[in-house]
Amino acid sequence: MDKIVYKLVYNRKRTLNRRGMALVQVEAYQGGKKRYFSTKVYLKPEQWDDRRKRVRKHPHAETLNRAIFGLVMALEHRELQLWQQGKHVTPELLKENIRASANAQSFTDFMKREVEQAAVKASTRRNLSSTLALLSAFKPQILFTDLTYDFVADFEFFLRQKGYHTNTVAKHLKHLKQQVNAVFRRYGQVLPAHPFRNFKIRSTDYKHTHLTPDELERLEHLRLTARHPALQRTLDAFLFCCYAGLRYSDFTSLRPDNIVDIGEERWLVYRTMKTQTEVRLPLYLLFGGKALAILDKYAGRLTDFFCLKDNSNVNKQLRRLSRMAGLDKHISFHTARHTNATLLIYRGVNITTVQKLLGHKNVRTTQGYAAVMDRTVVHDLEKHGG
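When we follow numbering that gives the first Met the number 0, the leftmost residue of the sequence shown carries the number 0, and every step to the right adds one.
Source of the hints: derived by calculation from the structure; they are not laboratory data.
Ideal Cβ positions, reconstructed from N, Cα and C, are used throughout, including at glycine.
Some clues are possibly wrong.
Cross-link-like lysine-lysine pairs, in silico, BS3-like; alpha carbons within 27 Å at most [claimed, not checked]:
id, residue 1, residue 2
1, 43, 86
2, 355, 289
3, 273, 138
Computed spacing ranges between beta-carbons, pair by pair [said to hold, decoys possible]:
id, residue 1, residue 2, range
4, 139, 115, 49 to 55 Å
5, 292, 83, 22 to 28 Å
6, 115, 148, 25 to 31 Å
7, 139, 349, 50 to 56 Å
8, 302, 52, 17 to 23 Å
9, 299, 61, 53 to 59 Å
10, 213, 76, 57 to 63 Å
11, 61, 262, 53 to 59 Å
12, 82, 37, 21 to 27 Å
13, 76, 298, 48 to 54 Å
14, 325, 159, 23 to 29 Å
15, 325, 108, 58 to 64 Å
16, 50, 83, 43 to 49 Å
Please construct the entire structure, taking both the sequences and the accompanying hints into account.
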């Protein structure tokens, strides 16, 4: 049996819709038999290069071409899978198999499997799982046919109603879009249209801030009742990272064996998740050894201490803690890292030393904190009259 031959066909029915556009389809041909698969891409005649079989003169030509050829690759991959199963693969069988696969599961099931099988870092998997949990809270079982523009808009409103920051909302929408793109590549014909085609994901330019010594002290002196163990652990984790300069992803990847004895002192030795750079921190020399006091507090429970909720929920807890401490500042977990670097520079630590402590590969990244400190120094001098 010959292999199926795929080619792109524009305006097969020789008619344009009311907007003057026609559909691009994938033709699957074998032994005189044909089946057609919709790409869900509609174009005006001048936007299709029939000789090269590509989108042209379109503001999103590159993206559309990737989507179209992604569908062709998905069809070829499915044909190969069926052939490896010993099936007699025809265009008709291929179409029926793809339709059956799509109908046999919901989008929720599809995303669960994608998240479980994705070859990504543990931190990325946690972020995707967080998005999946929010989608499930919004609608427990999401069908492919639910994936519309209105669905995305309603999900965005749902996230905003829960109090998430604009950029956090954007992060979850981008995760959803990635999964929809995966569906589109694999089962393009089961979606009525790409729900993000005319949807704009909004974000803001957000500059991470740092805490001043006074603000850090307010958090250090914040006393929580025994009714708030989760808040207390988040506060302690945040303070630990203010003293050690860790990212959220680095902190949550720590294990008790990252705390090592070198000589007679305890060090923190770990590899950054972002760049896989080894960082060695003499905790006893940083901020008067305050990080060690926190570790001692959780002696025997360090594994639990290093295990936080997802970043979005932790940031919500930090905003609550900030209000409880009387801080008029929007903080996130990454504020701890900026606070660490800023205060070290403020105390006169050489910038190349700060670079090593943060695990930056390039000192230029660390130099960005110097500009922040310029403003802090001026503010302090003005405050104290010179």
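Hints, verified against the model:
For the hint pairing residue 43 with residue 86, the CA-to-CA distance comes to about 39 Å; that exceeds 27 Å, so the pair is violated. Taking the CA atoms of residue 355 and residue 289, the gap is about 20 Å. The hint holds against a cut of 27 Å. The suggested pairing of residue 273 with residue 138 is violated, with an alpha-carbon distance near 33 Å, which exceeds 27 Å. Range check, residue 139 to residue 115: about 18 Å between beta-carbon atoms, so the 49 to 55 Å window is missed.
Look at residue 292 against residue 83: about 59 Å separates their beta carbons, and that is not inside 22 to 28 Å. Remark: the range hint 25 to 31 Å for residue 115 to residue 148 is upheld by a beta-carbon distance near 28 Å. Checked against the given bound of 50 to 56 Å, the beta carbons of residue 139 and residue 349, roughly 55 Å apart, stay inside it. Taken as a hint, the range 17 to 23 Å is violated for the pair residue 302 and residue 52, whose Cβ atoms sit roughly 55 Å apart.
The hinted window of 53 to 59 Å between residue 299 and residue 61 holds, with their beta carbons roughly 55 Å apart. Checked against the hint of 57 to 63 Å, the pair residue 213 and residue 76 passes, with Cβ atoms roughly 59 Å apart. In this structure the supplied range 53 to 59 Å holds for residue 61 paired with residue 262, their Cβ-Cβ distance being about 57 Å. About 23 Å separates the C-beta atoms of residue 82 and residue 37, a value consistent with the hinted range of 21 to 27 Å.
Checked against the hint of 48 to 54 Å, the C-beta distance between residue 76 and residue 298 comes to roughly 52 Å, which is consistent with it. With their beta carbons about 26 Å apart, residue 325 and residue 159 fall inside the hinted range of 23 to 29 Å. A hinted range of 58 to 64 Å is violated for the C-beta pair residue 325 and residue 108, which are about 47 Å apart. Between residue 50 and residue 83 the beta carbons are some 35 Å apart, a value that contradicts the proposed interval 43 to 49 Å.
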